[in-house]
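Asker: Listed here are the chains, written in short residue letters.
There are 2 protein chains.
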Amino acid sequence: MSTLYVVKIGGNIIDDEKKLSSFLKDFAAVKGHKILIHGGGKLATKLAEQMNIPQQMIDGRRITDAETLKVVTMVYAGYINKNIVAQLQANNCNAIGLSGADGNVILAHKRNHPTIDYGFAGDVDAINTTLLKSILDQQVSVVMAPITHDQKGQLLNTNADTIAQEVANALSSLYDVQLIYSFEKSGVLLDANDDSTVISSINPSYYQQLKSEQKIFAGMIPKLDNAFAALNKGVKKVIIGKAEQLTDLITGKAGTSIVHE
Amino acid sequence: MSTLYVVKIGGNIIDDEKKLSSFLKDFAAVKGHKILIHGGGKLATKLAEQMNIPQQMIDGRRITDAETLKVVTMVYAGYINKNIVAQLQANNCNAIGLSGADGNVILAHKRNHPTIDYGFAGDVDAINTTLLKSILDQQVSVVMAPITHDQKGQLLNTNADTIAQEVANALSSLYDVQLIYSFEKSGVLLDANDDSTVISSINPSYYQQLKSEQKIFAGMIPKLDNAFAALNKGVKKVIIGKAEQLTDLITGKAGTSIVHE
Chain A
550 MSTLYVVKIG GNIIDDEKKL SSFLKDFAAV KGHKILIHGG GKLATKLAEQ
600 MNIPQQMIDG RRITDAETLK VVTMVYAGYI NKNIVAQLQA NNCNAIGLSG
650 ADGNVILAHK RNHPTIDYGF AGDVDAINTT LLKSILDQQV SVVMAPITHD
700 QKGQLLNTNA DTIAQEVANA LSSLYDVQLI YSFEKSGVLL DANDDSTVIS
750 SINPSYYQQL KSEQKIFAGM IPKLDNAFAA LNKGVKKVII GKAEQLTDLI
800 TGKAGTSIVH E
Chain B
550 MSTLYVVKIG GNIIDDEKKL SSFLKDFAAV KGHKILIHGG GKLATKLAEQ
600 MNIPQQMIDG RRITDAETLK VVTMVYAGYI NKNIVAQLQA NNCNAIGLSG
650 ADGNVILAHK RNHPTIDYGF AGDVDAINTT LLKSILDQQV SVVMAPITHD
700 QKGQLLNTNA DTIAQEVANA LSSLYDVQLI YSFEKSGVLL DANDDSTVIS
750 SINPSYYQQL KSEQKIFAGM IPKLDNAFAA LNKGVKKVII GKAEQLTDLI
800 TGKAGTSIVH E
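Going down the list, the sequences are from chains A and B. If you want the numbering used here, it's the 1-based position in the first sequence plus 549. If you want the numbering used here, it's the 1-based position in the second sequence plus 549.
Okay, chain A solo, but in the shape it has when bound (with noise of 0.2 angstroms):
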């Protein structure tokens, strides 16, 4: 099987036009077939703010009302998404631009809380992979934005690092794939204060060994059990650390590989 890389960016990335022009050029030049998957950054909220929509936070997730709902799907399907395209193709990447509606590749339903109303929020539910390889194997790169949809008509937003593992873990049965999430940090550091102190790989034992000495700094590790169960699930191998390495990341100079025994 060929090698798929899926790779996620943050928002620190997007918020940053610098930052991002540099990163879509290294990832321009990345060989093989490769999946985009780009998270909202601030300027929903700034869009929310001018056309005066309150935004409502709980626990750090915001809350999707209906105008709300259509402040990221201009901001992410529209105006992030395309000009990440616009960008790799004057990088000589041809990509597409899609969101989970775009030929049914993401379905997702509202996600259904007992207490909390997250509004116009989505819970993946499948991954279309027929489209998607079919594009894949045209040399066309894919750049998804994190919207989804029902099937009855209704656009979902819906969290980016998901998307990432759903995509990762239900193409992985086509091809080999590697799931790389770039973060603020270096990768996972045996000191959360010290960039230097980068683990390069861990397998699941010395994860054990690494929980059982704290030596994981306790934001990470939901993180790193989301990988686990990306890798159980048929990803080859997961890497983490900061989008401006991508190519070093790729070639394992660089973040933390997250790998089978």
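Read the hints as simulated data drawn from the structure, not as lab findings. Check the hints yourself; a few may be wrong.
As the list claims (entries may be wrong) - Each computed EDC-like pair below joins lysine to aspartate or glutamate, with the alpha-carbon atoms no more than 20 angstroms apart:
no. : chain 1 : residue 1 : chain 2 : residue 2
1   : B       : 574       : A       : 699
2   : A       : 701       : B       : 566
3   : B       : 591       : A       : 616
4   : A       : 701       : B       : 575
5   : A       : 595       : B       : 598
6   : B       : 701       : A       : 575
Being a predicted model, the structure only gives us computed values, none of them experimental.
Place chain B on chain A using the hints.
Answerer: The following block gives chain B in isolation, referenced to the frame of chain A:
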């Protein structure tokens, strides 16, 4: 060759939620390959007002400065495009929404006018038929937003009528293309004020006769000239009529068909 319907809908349908929903139900029911091209409607103007971006019009054309480009990218390629796709999915019509940057489907250049600076307005150079064909042949319909790109990273605001014509022309080597332009009237009328005087079919010699007898409303002449130009480039039939009558436009029971001799 199989038939491909290229359907352009105007802003009057986009702006009317009920009319749009009813049109999309009809569009979903059309058998065979199909592409929907949508304009913008009043939503972009409204958003620009909310964002305090002054809109400059010259001869009925919007001047696309950088801030306005951001607005139309969000509204056309984001909000309108994704909502149309989600509604088609709800009607069991698998569809994919694209801008011209996606898959490099429509390459354009910034308009270079001797006296007027239209800003980021694009004139079409080329259509990438390979990717469009591969999507259509998977029984997936295409929904095109009137945003193109120049392959140098610049998105461009582009006239939707022009996109419809260019897409129809380019695909006429691969499909029997029927190009359907929807507008406010029921078709080409003998009496501009009487919707019951629709001319059902016009061929080149009848067009010459109607023009010499001054029976064609002056405003229709550019539309008809474009329709005959499309026929000369390989399009099989051009139909002009009301979006509300899509089904009857296709079967020839409504609207005006512009056909070869």
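Asker: Hint by hint, which ones does the structure fall short of?
Answerer: none
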